[in-house]
Every structure is written in structure tokens, then in C-alpha cells.
Amino acid sequence: MGQIVYGALAPHPPHLIYADNPPQNEPRAECGWETLRWGYERMRKALADIDYDTIVVLSPHWQTYVGTHFLGVPHFQGLSVDPIFPNLFRYHYDLRVDVPLAEALCAHASEAGLVTRMMRNPDFRVDYGTIISCHLTEPGWRKPIVSISSQRSAAYYSLEVMQEHMVALGKATRAAIEASDRRVVLLASESLSHRHFVAEPDVPEDMSAEHITNHHQYLWDMKLIEMLRSGRCQEVIDLMPEFTEQAVSEADSGALTWLLAALDVPTYGAELFGYGTVIGTGNAVMGFDPAKGGAA
Amino acid sequence: MSEERVAGIVGGLIVPGLPHPLLCPDASDNYRALADGFAAARAQLEALDPDLLIVYSTMWPSIIGHQVVSRPAPEWVHVDELFHHLGSMPYRFRIDEPFAHELVGCAKQRGLSARAIDYHGFPIDTGSVVALKLLNGDNRWPASILSSNVYADRAETVVFGKSVADAVARTGKRAALIVVSTLSNRLFTDWVEPADDRVHSLKDEEWNRKMLEFLGQGRLEDTAQLSREVHRQIRVPKVVNFKPMWFLSAAMGAHNDYDGTVHAYGALHGTGAAVVGLVPSEEGIGLKEFDEDDVEVFRGDRDVLA
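Taken in order, these protein sequences are the chains called A and B. For the record, in the first sequence the residue sitting at position 52 is 52 according to the working numbering, with numbers rising by one throughout. For the record, in the second sequence the residue sitting at position 20 is 20 according to the working numbering, with numbers rising by one throughout.
This is chain B alone, in the form it adopts within the complex (with noise of 0.2 angstroms):
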């Protein structure tokens, strides 16, 4: 390795899940904005010269600890449960086998459940399909693709966080981090036509872009320290929390020194889509305000339902 390529995580990218960006760019401009934000994003990618891509999907949920795509090259042909009229979705992707062995290793040493996923026809979820395609449609990086546990509150979110971190360490390798996950999260209920699509209230469009203005001025931390309120002003509540700047700043490093691109923001069937880029840095906003314990290892649910 050269004195240039120095090893860890070396960036991060959060990016919409759903197809539309994928299969009908064309369909408004604002979806050919978000498209061409994730043209932006990939090639923030090859500056930062990464040997793997991590994913970490909030549409992949686990029950049973943390999931990791294992099997070396997995292909399907997928289709989404909702917007399936947009069309099929072919992918063959190319996995860091070894890099998922060696997390849910690390995943394990700090307590949480975790396993290897290696099965033919697993149905990799439409977050990672749209993410891992237009980010990295040649497979010019080799990926590893982690589930979002549904049980997992913000200690063991952070715990994951940690074991990435941990992995990436161990097999000395350059990373790259991508949460795919929504911003605001309501989806409008019935069918919009592209033309009319938006982001689905003004109080949605507010909160998106406050947590936009933290995060294009490289404040990861102090996003990840809203993600709470976020979670209770403008996300549905379909799982326990907010958890994917919780995972972002745990792997990558819980303070403020990044810089941060906002590539493009837009609505997709009224919830907040936005493709950001963090990379560290020097020239950071710095310190932050630390609400919530720094947890290193899991000790369980100490019997606490969620």
C-alpha cells in the first residue's frame, strides 16, 4: 500500500432506496436530479479510491442480530413489492466474501448477534439493488451489503457501527460508506404522477432541510444526535427509531469534521430523498454535544421491549 492510500473509512454517501431514480430518471426532473446526483456521488467514489463499498440498507430489515451479504456473486432479477410497474430490476453483484466473514467476526466480539448470508436467491433488498447499480454498475468495487436489525435501538445501532470499523481495520482495507435510507419518510398514499411529485408537507420539507444544512456543512455527529427528533417529527414509525446516522457516525467517527456535499435533494413519491457525500477532514465545524452515551459493547436489551 502506498503512503497515499491509506487504509479506513475514507467516505461516506447516504442515497435513496427507492427505483424510481433507477428505472424512470426521465420521468421528471426531479428524478433525473436525484439520478444525476448519484452520477456525482460515483465519481466522489473513484476520487476517493476505495477498495470496498459498504452498504447498509434501512430497506433490509433482520430479526434474528445483523445480516451480511456473503455470497461472492449473487443474481436475481428484482422487482419492488410496491412500485413494481416501474419494471425489473437484473443485477449481478460482485461481494468482498472475506470482508463479510470478517465483520460479523467483529460484530460478534462486541456482543451482537450477527450472520453470513450465502444463499442463492436471497432477496437482496430494492435500497441496496438501486445503490449498488447506480453507484457501482460495472462493479468496479466489490461491496458488502448489512441489514438494519428492526429490534435495534440506538445502542446496538451504534455497537454495529463500531464492528464496521472494526472490520475495516482488520483487513487494512479502504472503505466506503453507504447509508441508503430516506430522509423524511411519508410516502404519499395514493399514485402521483412524476410531474407531481414533491416532498409530502412543509413541516417534511423543513426538517429535510435542516438536517440538510448539518450535513452539507459536515456535521455528522450533530445529525446523528437529532435522529430522535427526526424520528419523532417526520418519520413514520415503522421501526424503533432513526438509525442509519447513528450506524454513519459510529463507523465513520462521532464528531463534525467532515466536509460535506449535498449532491442533490428531491421528493420520490413524497418522501425526502437526498444523495449526500462526507468525507473527513481537517477543516471540520469540530466539536460537538455529546446527549447520549458513547456505547463500545453490547450487554442486550437487558429485557427493555421495544
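Looking at chain A on its own, in the form it has when it is part of the complex (with noise of 0.2 angstroms):
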């Protein structure tokens, strides 16, 4: 029986591929953005004694509006170029896809009711919060992953509508990977607070210019990170559409929700392994051990 080993909130900030100079990416930094890489490098050490099979990421920069759709092809290869930030983020990546756990997901989700379709696109240029998000967890990229689209429901209905089709989501998820024979790691690609400044320093990297962007986004950033590492996650997804607005959070994406519910909605609390802002947004690297936590 396959199981979710574990769950973390993983941003994906191109500043912090960036900053780490991995060979991968073509700019080179100088520093920058350390809270938060030294934060994925906490939670890289405590993945390092967890034995899993596949990461399955929900990323806010595969948006779809008609459904919720998972990659379907074993391997893609290409370079991904941020189009926000084209000067900090053009990376090639080279990754494996799980498709049968992806089908396994997408026909789940189906029978949850949700309009679904695999993406078979050979073209296909996998998206930037897929690829930071997966990338900062694993850099060996030594395994395959599952990626899912963000339907965008707050959008096109409301927050609470994305609330209910994600809560869907993440059940399905768990139903499938528990149906399946995989050992599965979840990503929820997503800032928290997702304020930007509109100009960026002539050195990116100029942590002198960094800050949140203002203090109604960080009072409700710290909010949320208590409430996660406290436990009361249930708390969190009532929450969430009132922050989401609030700090025009990419909650919207219902990466968050969608976690929590595919994890049943941990009453045990989750690791904080960093908090930082980036170009004014505020973003937390933190994670659930459902074995820790007593859950497994």
C-alpha cells in the first residue's frame, strides 16, 4: 500500500535558484535570499532519512481554467526561462515523470468528480514553479515526479469554491497514492503573503532592498506559520479565503489547501525550516511528518 511520507510547503521564488548557482541556471549571484535556501537545505536533511519513490508538486504556474491537468509524458528536457523574471531564472532541466502514479491521480480525481485531463504534449514546457519547487527539494533530480495543474476556481468562481474543489483534489490524491504502491513526497509550489514590489534593485541580489512588503502582509504570514506549526490545520483551510484575500496570498492557487487535505488535515504541527520575503512576498519553507507526527 503506498503512502504520503511526507508534506511540505515549498515556494518557489526564481531568486532562489538564483542565488544558489546551481549548473543548471545560466545567471550566476553573488549571495542572497539565504533564510530561505538555508531553509530548504533544513528540510533536504530531514528528507535525507526518509525512503520515498515520487514527488508530486501542485504548481500556481500551470494554470488551467478548464479542469485540473497532470503531466503525462516520462521525460522532459528543455530550459525554462521565467517570464517574470527572465535575468535571475533560465534553467535547463532535464526530469522524469511518474505517469502511471499521474494517471493513477488523474483518473481518482475524475471519479471525485473533477474535470481532469493528462497533458501528452511532448512540447510541453513544464513551468518554473514545478521545476524551483522540485529543484530546492531534490537537486540530484534523482527522482520522477508527478506535477498537477492550478485550476483556477478562485478566479473563475471564488475562494471558497477553489476551497472545496481542492479539498476534493487532495483527497483524491491521497486515495490514489494510497491505492498505489508509492512512497510520495507533496510540494504545494507557493508563496504566502504574495505582494511584489514593482522594481526590482540594479543588483537583484541586494538583500538591502529586501524586505516584506508591508506589515499587514507579515502579520498575516505569521498567522498562517503558527497556526501550521501548531497543528491546527483545519483552522487553516476556514482561513483561508479570508487570507488569501487579505495578503492577495498565491493561496489562491490552492496549493495549500490542497496539501493539507491530502495529508487529512494534520492536527500535529509542521516544521518551520525558514521564512523569508522575496521582491516584498512573504514565503515559508516548512514540513509535516505524518510519521512524527503520529499520523502514519
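No wet-lab data here; the hints were simulated from the structure. Take these hints with a grain of salt, some might be off.
Unchecked claim - Chain A residues, not near chain B, derived (Cβ > 10 angstroms throughout):
#1 P86
#2 P139
#3 R142
#4 A199
#5 L219
#6 K292
Unchecked claim - No farther apart than 16 angstroms at their CA atoms in a straight line, the calculated lysine to aspartate or glutamate pairs in the EDC-like style are these:
#7 B:K108 with A:E200
#8 B:K108 with A:D202
#9 A:K143 with A:D51
#10 B:K238 with A:E245
#11 B:K203 with B:D222
#12 B:K238 with B:D138
#13 A:K45 with A:E26
Just so it is clear, CB atoms sit at the ideal spot from N, CA and C, and this is done for glycine as well.
Join these two chains into a complex; the hints should help.
Here's what the structure looks like:
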């Protein structure tokens, strides 16, 4: 029987890849956003003790207005250039997809009444949210992934509809994994507060220019983090529409709701590995370990 | 330059950006009509005889100010993130690099943040790819592709449009503007057969028809002044406002003296899709009622959060 062995809030600012200087990325940086990068480092150390087969990620940067889509091609190789920050992220990726698990997730989501589609076009460019969160979680790319699109029901209907959709998708994800033989790490690829600065310093990694956009956003970020740390996850789900609206949060993607639902709404706390801002947005790297939480 | 070839913005087009007219034009009469509308717009461009096509795509969002493609010959095989099953879109475009830099300079002079984008593999958006392949598939004219800033509201968008007019004037070119945007933008959230495709609701349909009535009469600024109401009535609020008409009227001239032609109108997965041409005319509707400021220089958002 398959199992979700870990779940993480894994934000995807391209700045983190830029500052890490991996060989796959063309631009080079001097430093930057260390609290978040070291946070990812701590999460990788936590994951090093966990045996898993596949990473399943839900990314806000694969936006689908008709249904939920799943990557369905076994291998992708290409160049990902960030449309917002092309000066920072031009990444040569080479990744494998766990297509059987993707198909199982798609089938379970369909059975749950969701509109779905497998993405079978080999020319497709994998979105940068997926790439960044997966790279920062497992830079060696030794594990295959399943990438799930963000169905934009928050924009098309309401945040409440998004919540229902993502809870259903989370439950379907859990059921599909349990029906498989895979041990899976889930990634919710998103920031918390998400109001950007609209100008960039001449030196992008100049940390003297980096801070939260405004105090209001920071307060919301801290509130959410504290609730996640103390295992008040149903409360997080209940508060999500207000948080998303007030903090202009990237939680409108549904990724965090999906993660919490797939983890069966943890009552144990997540570990906070790092918090930091990136061009004004609030980002936390946090992990739920069901084994340590007693829910395995 | 001959006397007949006067420099300036010689015309504008409004076109949809979803890929069906390019990738499956014969899947329905509706898609075929839209593809034929693109062909009619291409003929209109040939008659206008521009030196340059300027594409403002609402499907290319930017955050750090306004971005302009400056890579001379971007080449890629593009796949739409939603309609990937319709096929791939290989392209190689001819970009007017000097104009891109001129426009960036003009935008900065008007207080905007702007930058040129010259990277291999930069993801040119579906709307720009569809528009350029259907209108300029032979790269007869060099093009410039501009982003749409997600946080920009009317003032910033109007100033960006004026920056485009500045750049056209400074370069002495004849330019045609192409705005990539749906009218109503509500997609069906389930799959529909091409033969069953229609505008999502009667309300969307009526507002689309109202906009097309205005545009067909050449009433560009009147349509632009309707933008906030259009946004409230028939736009899924993915961005702060319905901006393309503000951009177009600011760049071409905020008045109603145009000859308008609706080349085609139909539905693309529920959205309102129209191909419209606007050419400056001395016999247009003329004056309009100004409801909002005619901003010249952008002085920041003054800490008003969008």
C-alpha cells in the first residue's frame, strides 16, 4: 500500500535558484535570500532520512482554467525561462515523470467529479514553479515527479469554490497514492503573502532592498505559520479565503489547501525550516512529517 | 519617405489570443469565421502598409514594470498550457530590436519601469504567437511584443500607451498596433465540442455586442471609457482591470475618429472573440465625454495597493 511520507510548503521564487548558482541555471549571483535557501537545506536534511519514490507537486504557474491537468509524458528536457524574472532564471531541466502515478491521480480525481486532463504533448514546457520547488527539494533530480496544474477556480468562481475543489483533489490524491505502491512526498509550491514590489534593485541580490511589502502582509504570514506550526490545519483551511484575499496570497492557487487535505488535515504541527521575503512576498519552507506526527 | 507614407500609428487591431483559429480553424464554422477574420485583418494591414507591428498582449503578464521583447529572431516550439492537446506552435519571429530599446527609453521618460528582454527561450505568450502567426506568418513586417503589467491600472496603462506613441514618433515609423485580448473572458470550465462552442452567457453576449457596436462605429475612446464597467460586468477578475482599450486609445489617440471594421466575432471556449480593425479617419464620431483623467506622466502608485 502506498503512502504519503512527507508534505511540504515549498515556495518557488526563482531568486532562490539564482542565488544558489546551480549548474543548470545560466545567470550567476553573489548571494541572497539565505534564510530561505538554508531553510530548504534543512528540509533536505530532514528528507534524507525518509525513503520515498516520487515527488508530487501542485504549481500555481501551470494555470488551467478548464480542469486539473497532470503531466503525462515520461521525460522532459528543455530550457525554462521565467516570464517575470528572465534575468534570474534560465534553467536547463531534465526530469522524469511518474506517469503511472499521474494517471492514477487523474483517474481518482475524475472519479471524484473533477474535470481532468492528462498532458501528453512532448513539446510542452514544464512550468517554472514545478521546476523550482522540485529542484530545491531534491537538486539531484533522482526522483520522478508528478506535476499537477492549478485549476483557477478562485478567479472563475470564488475562493470558497477553490477550497471545495482543492479539498476534493487532495482527498483524491491521497486515495490514489494509497492505492498505489508509491511512497510519496507532496509539495505545495506557493508563497504565503504575494504582493510584489514592481521595481527591482540594480543588483537583484542586494538584500538591503529586501523586506516584506507591508506590515499587514507580515502579520498574516506569521498568523498562518503559527497555525501550521501548532497543527491547527482545519483552522487554516477555514481561514484560507480571508487570508488569501487580505494577503493577496498565492494560496489562490489552491496548493496549500490541496496539501492539507491530502495529508488528511494534520492535527500535528509542521516544522518551520525558514521564512523570508522575496521581492516583497512572504515565503515559508515548512514540512509535515506524518511519522513524527503519529498519523502514519 | 514619400508624402503618401506618413509616419505614425496607421491603424489598430483587436484580436483574440486563444489558439483555436490557428491550430484547429476547421473544427467548427465559428473557428473558421475567426480564422477568416484574421485573414481579413491581414489584408487590412497590407493596405495600411506599416513598417512595424506592435503587439500588446494581455496574455503576457509582467510584474517588474513593462517588458518589451528585443531579441531579433526568437525561435521556439510553443505549447499552450491549457489547450496543449490542440498541438504545438513552432515559430521564428522577426523583432525590431532598435524599436524595443527606443520604447523602453520612452517609457522610462514617462516615469515607468521598463526593460528589454533578450533571452533565448523566453516564453512568448500564446496570444502573441497566435496573432503573429496568423497576421504575419511570413514575417513580412518586423514586430515588437509588449507585456501587460498585472498591477497597472488605468493611469499606468494610459501612460504606457503614450510611451508607445512617443517611440513611434521618434523612430519615424508607420506602425500598426495589435491588441491581443478577449472581450468577455469567461471560459467554460468543462470541455466543449467545437460545434457546441458559444459565448458563455447571454449577458456576456450582449456586452460583447455593445462593444462591437461602438468599435464598428470607430468609437474607440467611448469603448475605453466603458472599460471599468466592462470589467465589472463580463470579465473574470484575473487582473485589476480591463486595460486593452485604455492602452489602444492612449497610443492611437483618445477620441472617436476612426473607421471601425468588425472582421469577425464568435466564441472561443466560451470567451467573446472578435477581430476588429480601427483606422484613423476624419469622418468619425468625433468628440467624446471624458470621464477620467488624461494622464501624461506616471508618478507611481502613491501607495495605493491594487
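Consistency of the hints with the structure:
Listed as outside the interface, A:P86 is inconsistent with that label: its C-beta sits roughly 5 angstroms from the nearest C-beta of chain B, within the 10 angstroms cut-off. At the 10 angstroms boundary, the C-beta of A:P139 stays outside the reach of chain B, the nearest C-beta of that chain being 21 angstroms off. For A:R142, the condition that its CB be more than 10 angstroms from all CB atoms of chain B holds, with the nearest at approximately 25 angstroms. Distance check for A:A199 against chain B: the nearest CB is about 5 angstroms away, which does not clear 10 angstroms, and the non-interface claim fails.
Every C-beta of chain B lies more than 10 angstroms from that of A:L219, the closest at about 15 angstroms, which supports listing it as non-interface. For A:K292, the requirement that its beta carbon stay farther than 10 angstroms from each beta carbon of chain B is met, with the minimum near 37 angstroms. Between B:K108 and A:E200 the CA atoms are separated by roughly 14 angstroms; this keeps the pair inside 16 angstroms, and the hint holds. Restraint check for B:K108 and A:D202: satisfied, since their Cα atoms lie roughly 15 angstroms apart, inside the 16 angstroms limit.
Restraint check for A:K143 and A:D51: the C-alpha separation of about 11 angstroms stays at or below 16 angstroms, so the hint holds. The hinted pair formed by B:K238 and A:E245 meets the criterion: a straight-line CA distance of about 13 angstroms does not exceed 16 angstroms. About 20 angstroms separates the Cα atoms of B:K203 and B:D222, which puts this hinted pair outside 16 angstroms; it is violated. Under the criterion of a C-alpha separation no larger than 16 angstroms, the hint pairing B:K238 with B:D138 is inconsistent with the structure, at around 33 angstroms.
The hinted pair formed by A:K45 and A:E26 fails the criterion: a straight-line CA distance of about 26 angstroms is larger than 16 angstroms.
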